[in-house]
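Asks: Residue-level listing of the chains:
There are 4 protein chains.
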Amino acid sequence: MEKITETRVLDHGVVALLEIMGSDKTIADSARISYNKESTKQTSTDEQLIRYLVRHRHTSPLEMGIVRFYLKLPIFVARQLVRHRTASLNEVSGRYSELPDDMYVPDRSQLGSQSTDNKQGRAAVDDDDVDAYAYHQNIIEQAGTDAYEEYQWLLQQSVSREISRIVLPLATYTEMIWSCDVHNFLHFLKLRLDPHAQYEMRVFAQAMHDAVEPHFPIVFKAFNDYILHAHTLSAAELNLLSKLLQNSEVEHLPTLDEAQQLGMSTREHTEFTTWLESLLKR
Amino acid sequence: MEKITETRVLDHGVVALLEIMGSDKTIADSARISYNKESTKQTSTDEQLIRYLVRHRHTSPLEMGIVRFYLKLPIFVARQLVRHRTASLNEVSGRYSELPDDMYVPDRSQLGSQSTDNKQGRAAVDDDDVDAYAYHQNIIEQAGTDAYEEYQWLLQQSVSREISRIVLPLATYTEMIWSCDVHNFLHFLKLRLDPHAQYEMRVFAQAMHDAVEPHFPIVFKAFNDYILHAHTLSAAELNLLSKLLQNSEVEHLPTLDEAQQLGMSTREHTEFTTWLESLLKR
Amino acid sequence: MEKITETRVLDHGVVALLEIMGSDKTIADSARISYNKESTKQTSTDEQLIRYLVRHRHTSPLEMGIVRFYLKLPIFVARQLVRHRTASLNEVSGRYSELPDDMYVPDRSQLGSQSTDNKQGRAAVDDDDVDAYAYHQNIIEQAGTDAYEEYQWLLQQSVSREISRIVLPLATYTEMIWSCDVHNFLHFLKLRLDPHAQYEMRVFAQAMHDAVEPHFPIVFKAFNDYILHAHTLSAAELNLLSKLLQNSEVEHLPTLDEAQQLGMSTREHTEFTTWLESLLKR
Amino acid sequence: MEKITETRVLDHGVVALLEIMGSDKTIADSARISYNKESTKQTSTDEQLIRYLVRHRHTSPLEMGIVRFYLKLPIFVARQLVRHRTASLNEVSGRYSELPDDMYVPDRSQLGSQSTDNKQGRAAVDDDDVDAYAYHQNIIEQAGTDAYEEYQWLLQQSVSREISRIVLPLATYTEMIWSCDVHNFLHFLKLRLDPHAQYEMRVFAQAMHDAVEPHFPIVFKAFNDYILHAHTLSAAELNLLSKLLQNSEVEHLPTLDEAQQLGMSTREHTEFTTWLESLLKR
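Residue numbers (my numbering), protein chains in the order written: chain A, 206 to 487; chain B, 206 to 487; chain C, 206 to 487; chain D, 206 to 487.
Chain A extracted, bound-state conformation:
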């Protein structure tokens, strides 16, 4: 297969961009079909039009761009990727072929303990625990090696491939061809570049982002400005902000009591004041 770009990810992962359909111009031209085309060409550049589309979530012209990747990624990451149902994919089948001996072993920098403030994530590593991390890493590596040996042993006993593979761990690498339109690709990126996404998913999303960005530079600039680095305020948060702006003492952060009177939860109050403080420190 010919590849436009190829990036190594994690220990054995690959993100290879295979083909691109369309460009910023394709997307702008597809949007122009909705308007009086000639006049739009005169008054709007591709950039103005695309920024308008992204800002106002007029997403259908973005579906006219398509990306296709070859990906090699651990099964637990593939299981997150496959939830994006508008994408098309073909994956290696452990029923048809023997799977190679590639297992993800996390770098020690990724072996932080369960996060206390992020229910689904992990904390940063602690330099005092370096020895423990090395040990944990060995256990994970050994678990993969043992499982692969059992897999091989079963195959050699001529147990069927489709059964033998069930002993392989979620760390096993799989391979796929994955195709998606640009609108749904951006939606994927928004969710999977988020700090709450699992680190191993994020690094794949980032490598995919970086491979496609140069092919749709205007779209990606607009995506960054209006979606990725945007912030949405709820109805209650807008009320708090309104009060704040009408108050002479701006630094006075809303109290939990004020927030709760507007129907906000404790968590929402914390998130709002954290956001506000970061805004005041820019």
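No wet-lab data here; the hints were simulated from the structure. Quick caveat: nothing in here was measured; it's all calculated off a predicted structure.
Which copy is meant is left open, because identical chains are indistinguishable; a pair holds if it fits in one copy or across any two.
Simulated pairs of lysine to any residue, SDA-like, Cα-Cα distance not exceeding 25 Å:
{"hint": "1", "residue 1": "K324", "residue 2": "H436"}
{"hint": "2", "residue 1": "K324", "residue 2": "A337"}
{"hint": "3", "residue 1": "K448", "residue 2": "G468"}
{"hint": "4", "residue 1": "K486", "residue 2": "T437"}
{"hint": "5", "residue 1": "K324", "residue 2": "T250"}
{"hint": "6", "residue 1": "K486", "residue 2": "L433"}
{"hint": "7", "residue 1": "K208", "residue 2": "E252"}
{"hint": "8", "residue 1": "K448", "residue 2": "S483"}
{"hint": "9", "residue 1": "K448", "residue 2": "E482"}
{"hint": "10", "residue 1": "K324", "residue 2": "Q403"}
{"hint": "11", "residue 1": "K426", "residue 2": "Q466"}
{"hint": "12", "residue 1": "K230", "residue 2": "S298"}
{"hint": "13", "residue 1": "K395", "residue 2": "E482"}
{"hint": "14", "residue 1": "K324", "residue 2": "D251"}
Given the coordinates of chain A, work out where chains B, C and D should sit on it, guided by the hints.
Replies: Below, chains B, C and D without anything else, positioned relative to chain A:
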């Protein structure tokens, strides 16, 4: 067909809710499958959990609720509805059956002239133009009557139904069964309740909203708070807001020049200052 | 917009192929990811593999090919096209721009009367009715002209575009950019090239088929052999065929009574014997 | 969660039907909207109409029925299920919660060796190998036990849940809520009840089939007659059948040479003659 509720819309339109699958509880329980279920039940009520899901756009549990409608609506409205591709629909076919003589004639209050600030919409009516509106309304009504007579004449000449119908106008009413999951229904409502949506589409969306809301009260409250009445600020707008909050003179609105230095267009500057002024006047 | 091919369809219609992503090779290579790739390359050519995929309805590799068209087509045809929900489309909006004066007027050869054996279709023309066809054609043309004049008049009275357009007939031409993956494009072709599809839809489907076929020659050959010109026999039909083959007098067609004993309807019996007779006459 | 039915599948699996929306009548009524409804009611019963819809693949009314399940199934089965992209699902997350110690261990009757004629499947068990099967089963069971112990050990060392789980094998059971419309559910059943589907997937599909069938008896009867037990003949096979029927000696099976002259492969010839022989023996 049995109906849960039925509402008259426009002159001949109907919005009838036929069936509902699931409830707030269904959606909360589907979300709980992702977590340690028992502990979630202890710590989160359905309301807390659903509000968290909607606020963080964890939309998949919302797909577990389904709504099904009978709709009678003008073809030009149906053409907007059918763009929501995750819905399922069955529509009356002018190939199989003769279409009845129902044509939408706008009320005079809907005959305002082309809007000057909303490229796709119409202005409010002007009391000085009452006679003109009556006249325009007559022309539209007569156009419908004439077209329907031609349709009938062609059918009587035994021209096939599938050809005869092509003389019928976009104002002709059509009928359909329309089904959608709650996540995609909310997305439909967000787009079609927007002030920029065409009035005739909006009134259908509103009637559909009103029919479903009592069946998912917690979901709809969260939808109102976190989506419908929320406001998204772009990266540049966040920068402007940050400067504003750090400024002692809050009333000083950002100038066009300040906005442009952050990459905003004239239109974005106008929209931001308009939003800010309305926030200051709440 | 650059175009690969452009075909005129009906009186004012256009089918222009804008861009193709992928090829037979892309599809074969995407399928190979599922297998032990190296051995597959050695043992199967692209043609063998693609024919296997299409014959066994392994459709996901076909999603790796994409086609994009510019289409100009009557609204009643567009309303059928838009039912294919996996396609992406951008259509001219009568809210944003004034629609041009292009109305479909059927050729006289298309003005046959309502079909008696095809509930939704039309009969062949009858040479004795030539004068009547000319007259019907005039009525349809005049209906279009009148409606367009009313539309123009309303616009001139500054009635909004979004309201003025509702007097336009379903024969009005619209324009769109339409994109679809090859699997779903073939499914679209199967349904819309069918003799029961409306003539005006069929000619668009045929022009779209002809534009894409040279870019995926192996896929289209397999589509013709295994899908378009294939025939599916129901469980009851298989029983009838089994009896027939075990009978020395093959020409003896199954009687209605025999068919009904197997649960077939009168209509199924007629369709089966018609199929059988045509098979015996090849 | 309330359940309509609950079935045990494999060693620890569960198929529980949670809720049904619609019925045969719902589907027939949704189809009737396309026709002149009153006359259809007089001339077609629900059964006649539904059988017509399924036979002619008019699938959209079938989307008006919805099913929702709770499923507990091994991850390697879940990975096949999730490929049906029109379904909605919520799955337990190993990031949010600790996974229970449930591992699929195949019954000895499922430990046949790799199939020689079915590239992706397994052969029947051989009574002479009973001791070997017991041994293979022990290895698989032990592999699961070891992996779960490593998982527990990592959690106890406070390695994050999202990393610890990567040592768990594909045999681990997961849980989900899964919802699908009836059209796409039937398509799922057709693919996953096929003898080429993996045994463990098939038993889940069968249990899901059995749970839903009583709620849509007419639809499922039609599905069996026109889809599941139907057989599709390719263009070349139709030619062979035509020759056969026009031949006095019906028992003469087409030779490979005859088949190849029509463009068929060796494999297609084998499959056709196998089908023909079974038909002659009914």
